[in-house]
Each structure stands twice: as structure tokens, then as C-alpha cells.
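A.B. asks: What follows is the residue order along each chain.
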Amino acid sequence: MKYSVLFIASILIVAVFIAGCTQQPATQQPSTTQGVIKVGVIASLTGPASNVGTNMWQSAQVAADKINSEGGVILKDGSKAQIRLIVADDESTQQGGQKAATKLITDDKVDILVGGYSSAVTSSYQQTIAEHRIPYIVTGASSPIITRRTDIDTSYVFHHCPTTDAYGQYTTLFIDQVVRPAVNKKLSAPADRPFRLALLYQDTAFGKGIQTAVNNTITKNNLNIQLVSQESFKMGDSDFRTQLTKIKAASPDAVYLGAFPNEGAPIITQARRDTNLNTIFLNAENNDNAQFYKDLGQYGEGAIIESRFSPYIAPVGAVADAQNEFKQSYFARFGTYPDMMGASTYDGVFIATQVIENAGTTDKAAVRQALIDLEMPQIIEAMKDQTCSFSSDFRESTFDLWMEQLAYNATIGETRPVIVWPDNLKTADFVLPSWYVAGSSS
Amino acid sequence: MDNLGVFLQIIFWGLYAGCIYILLATGLNLIFGVMKIVNFAHGEFLMIGAYITATIFFISGINPYLIILLSMLALIGIGAVVERFCFRPILGTGKLNEIFLSIGLIYIFQNGAALIWTDEWQSVKSPYDGISLPFGSFSIPLDYILIMFFTAAIICGLYLFLKKTTIGMQMRATSQNRKGAMLVGIDVERIDVISFGLGCALAAAAGTLWIVSGQIFNPYMGSIPAIKAFAIIILGGLGSIPGAIIGGLLMGLAENGAAFLLGGIWKDAISFVILIIVLVVRPTGLFGEKGD
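Just so you know, the sequences run in chain order A and B.
Going by my numbering, the first sequence runs without a break in its numbering and finishes at 491.
Going by my numbering, the second sequence runs without a break in its numbering and finishes at 295.
Take these hints with a grain of salt, some might be off.
[Said to hold, decoys possible] Straight-line alpha carbon distances no greater than 30 Å define the calculated DSS-like cross-link-like pairs of lysine-lysine that follow:
| id | chain 1 | residue 1 | chain 2 | residue 2 |
| --- | --- | --- | --- | --- |
| 1 | A | 115 | A | 87 |
| 2 | B | 166 | A | 343 |
| 3 | A | 235 | A | 148 |
| 4 | A | 257 | A | 87 |
| 5 | A | 235 | A | 283 |
| 6 | A | 283 | B | 128 |
Hints are computed from structural coordinates only; laboratory data are not their basis.
Keep in mind it's a predicted model, so treat the numbers as computed, not measured.
Chain A with its partners taken away, still in its complex shape (with noise of 0.2 Å):
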């Protein structure tokens, strides 16, 4: 009973050491030991969106990386500090992000946070980021909730992502600019057969925030596109063969996911491979990810990203340099290609170092009001006006956004995209795939 009981303690002390290996958080250590700013950064490392989140992690040490060989920050009385970045991981649940936020906060005492994905998991901590009054630049989670919410005090946190309600917009008038008139083409249909459109999205804040989105510029702009089917599924779930082959009995023109990369690939083969549905997948703009391309394979042939950085093409035009740049330190130290959740996070590093130089100190009041003042030089993401600032009413930046078409690549086995949408930036037309079968002609 002794040995027993020693054994169990010991397993359960190996568990707790090996499941604590994930969870300790790393840091990155600036090269001088004058004044240190101290950047957390929120990123799940484990979990469901583990992919996305260790992208958002080596995407802030890319940046750190430059900062610091380049000087670091200078404060106010003139000295020099470099950036040391400290990374939680949210582990991908509610939980694990208020455990990263508080220890964050509390036990590193970081100077601002960086980070952040999956609107459900970002919310659930805002309390304390309200509570400690800590400068959190989101650069993941998407939801137009994590600073318009009015439950929580989010003064102190500011959106550099564009919101389900910016893209959701955005890809909707793209089908109503470009996939309605190529499909009534393809059917030889007038020009006033409504568009048929399903949605299939994730039963959360993210999911239903592209659904919201969707109605409400359907609704505004009065477009001809009918929603025949709108379909939820749960986050992290794998098998969507029910809710296509649902989809698929309603007859679409086209599909509109709001899904993760981890659930919209299988969606996609699901889709084509397992019940027909041969039809265009528009996909949110998170899915720009190497992962999803590899995962995707032939099947992702047509599909359609709304995009603000990708790992496989630029726009034409003053980032595409600066992109390429970043792409290339990125593959050079971690052996891959950078997602936009990268790219974001990358710029919000940069954002954060700008900000405690404008304020001079890193006090949080005028670190946040640096924030509110903010008029920055673009970094790598395309901006409105080619300025990085946040919005006076929701602390929102304002990106341009593109629109993405995957063409299949024999050789490689995989998609590539072409820019598609807006024309001062497209590189290709919209095209309907030949194996493409378009909804009921009513």
C-alpha cells in the first residue's frame, strides 16, 4: 500500500512537471541589461488553435528580434531599453487564458500585453485586463465584442484585427460584386436571380459575428442574395458531414465558413470529397495559414480567402516589401511561413514598442492614451491610409483588405492563391472553377 501510494504521488508529480513543460512561460532575453520593457504576449501554444498560436508567438520574436538589433526603445529621459518578450499560453480555453492573463499581469508585472486569439477565449479574461488597467493591443480574436462590449470596462484594449463585422461586410459584397454575376453567367441567368448563400459557422462569438455580419449587409444594402441554409457547428469539432450534406439539399451557389484553419480544411474535403458539394467555399481571413493549404490538398482548388497577409502572396504595392522581409526572417529562423495572425501580432509588437516611446515611460495611463494618440507609418499590414492608428470610438484599426481565389498546384500538391479582389489590387480574375455546380436556377 506504501509503494502504492508513492507510486501514484510520483505519476501524478511527472504529470504535473510534464504537463507544466507547455505551460512555463518562456521569455525572450534582451541582449543588454540596461532598462527592459517588458511585452507580454497571450498566444495558445496548446490546444485546438496551438498553429495559429505558435505562429502569433514567433511572429512577436521575429519583430523583438528587429526592435532590439535596431536600438530597442528610447525613453523619455533619453536612455535606451530593449524589449523582452514573455509569452502565456491560453492554452486555447477560457481557462487558460484568464490563468495566462493573470500571471501575466500579476507575476511578470509585463508593461502591455500583445496578442490573443479566439474571440470566446480573449473575452473571457477582459475582467482582469479591466481590473489591473493594463494597455492589451488584440491582435487575433476578431469578435467586434472585445471592445464594444459595455459589461466590462475595455478602455484599455485596442483591436489591431479586423472584426468579423469588417470582413463578414467585406467577403459579402465580394459575392455580390463577383461570384453573383459570374454564377448567373455560368447559368445564363438574369441578372436578377437571387444569389443563393449558406452559411456554416462556429456556434461562438467568432462564428456568429461572420453570421451577423453577413444578415446585416445582406439587409443594409439591400443585395439580391438569399441565405438558404445557415448552419453552426462547435468549436474544435471535426466531422461536418451532417450539416454539408444539409447545406447540400438546400442547393447553395456558394458556401461562406466561419471556421478556424483546424475545422474549415476537413469542411472543405468533407465537402467535395465525401458528399458532392461542389460548389465555392469563401473562407474568413484566419484560414491564411501554410497549414490549411497542406491540409486543404487538391480539394481547396477555387476556394476563395479574404486576406490581409498571406504566406504565399503580396499585393502590389508599398508593403509588399517590408511582407517579404518578414516572411523571409520568419522562414529563416523557424524553418516555415508566417499566417496573418503572425503578421498581426508582428505589428502589434512594433505597435507596443512605438506607443512606450511616443509616451516616454511605461506607465499605463499615458502608454494608453499614446495608443488613443497613435499616427504611425504602416508596418507590414496594408492600412487605411497607409496609417496604423485605432479608431476614437472602438479602438479599432482599419486595414485594406483583399480578396484571395486557390488555384491547384500539381507539383506541390497544393494550393496557391491569386488576389482576386479589389482590381487596384488583383493579379487574376475571379474564375468558376469547370467542375463547379451551381445552386437550383430558381
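Using the hints, position chain B against chain A.
C.D. replies: Below, chain B alone, put in the same frame as chain A:
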């Protein structure tokens, strides 16, 4: 697609999901039936089985349906080690010990898998990807027919093993009355090892069939299926293999029926609604006997 076609397709997806549940729950019930232990880490054996198959497939390119046997053999070994060094020392010391031990094992296996294979999701492409057979108004991918065939073959093999072999009969005897089995000379500790190993092998088969169907996987994939497997064995009756089979099929059909009729968010909840109803009407489960 007509209504009948849609209905048949939903039934088909339910049967497919049921196959995975049957294998997982039968393994769990085999272990519970013989050893009467509560192992919440059973889903992690599904995960390890999936990774072993995927790793061999990625390295060798061998047909994953053939690797299923290797994966099951590997899990028999892993299961035997876990039984011998983890569960046997605490056998009979109380359910709380078993629960905490299995929770600890969940962390160990998940984090161990993340260290070995990383915790990024992965997918396997079946060699039969894209091949479908016509079935009425719709076509069925060959992979799903193979999954159902392999499930039936494995369950039939288990049935014959339990009915026709000496070890199988000893396992049934131990399941029915452990002390009685000891009195007639059965080495129950040996039977425990074999039962645990076989249960883990069935989980490995479930994991392999999960990934060949094109579903993504990562080290955390086993947690939810394990909870559902517990619901299935309670639904079907603790220790009852036929109960696990019927319960697994019911669970698969109910989940997909609920997703179709009520929406995807009801998919997980409906299983537990059915479980509660069955327990209220028949507390021993569908096939359970008093005293289980």
C-alpha cells in the same frame, strides 16, 4: 437531392460515427468488465493509435488499413505496461485513485505526444481518397465502407476470441466473478493485462479508422471521444459488449440526427440527453444487469 436521399445519407454518417464509438466503447467496456476500473485516459490510446498509424504511414507509405494491425499490436504492448505499472498497484484501493491516476495519464500522454509529434493538427490521405461507389441517388466514398467492414471484422474477431479461446473464456469468467475465477485457478492478473491490452488495441483501431476517414488529429483528440465512450457504456450497460455496440450505434445516429434536425450545437448534447433518459427509465443501462 430528394428527402429520402438526404435521410439515408444522414443515417450513413451516423453509422460511420457509430463505428468509431463502437470500437472505443467496446475496448473501454472490456477493461471495465474484467478489472472494474474507471480509466478516463482511454481516449489517449485512441490518439496514440492514430499517431502510430500516421507515423508509419508517413515514413513507409504502407496502406494505413494494413498498418491498423501494427498499431493494435503496439497498443497491446503499451496497454500492458500501463496496466502493470499504473493500474495494478492501485486496483481495489478506491475509485478516486483510479480517477486521479487516469487524469494524470491524460496529461502525460497528451504532453508526451505533443513533445514527440508536436501539437499541430495533422491529416492523413487515404490511398482510396476520391474513390466512391454509387448508392441510389448518392455515392459513398470507399473509405467509409472499408471503415464499416473493418469495424465489423474486428468486433466479430473479438466475439470469436471471447467465445472460442481459453483466454477469452477466462476473461469472461473473470468479468462475471473475479473471486470465483481465482478460486478455479485462473490467473486474474494475467487476464487483467490481456484485457487492458485488448481494450487499448480496440482504441488504436478506432484511432486509425478515425484518421483514414480524413479527420484531422492532434494530441488532444481523445478527450471528447473518451467522455462519449463512457456515456455509451453507461447507456449500453457497464461491462456489456453488446450494450457497447448498440450504444455506439445509437450515439452515432443520435448525434447526426440531432445535427440535422436541431443544429450542430446539439450534436454532443443529445448523447447525454439520451443517457439521462435511459438511466431514469432503466438505471442499469440497456443491456446491463443488476449489480453492475
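A.B. asks: For every hint, state whether the structure bears it out.
C.D. replies: Results of checking the hints against the structure:
1. Distance restraint check for residue 115 of chain A and residue 87 of chain A: the Cα-Cα separation of roughly 16 Å lies within the 30 Å cut-off, and the hinted pair is therefore satisfied.
2. Between residue 166 of chain B and residue 343 of chain A the alpha-carbon distance is near 46 Å, which puts this suggested pair outside the 30 Å criterion.
3. The suggested pairing of residue 235 of chain A with residue 148 of chain A is violated, with an alpha-carbon distance near 53 Å, which exceeds 30 Å.
4. Taking the CA atoms of residue 257 of chain A and residue 87 of chain A, the gap is near 35 Å; set against the 30 Å cutoff, the hint is violated.
5. Proposed proximity of residue 235 of chain A and residue 283 of chain A is contradicted: the alpha carbons are some 35 Å apart, above 30 Å.
6. Between residue 283 of chain A and residue 128 of chain B the alpha-carbon distance is near 24 Å, which keeps this suggested pair within the 30 Å criterion.
In this structure, the hints that do not hold are numbers 2, 3, 4 and 5, in rising order.
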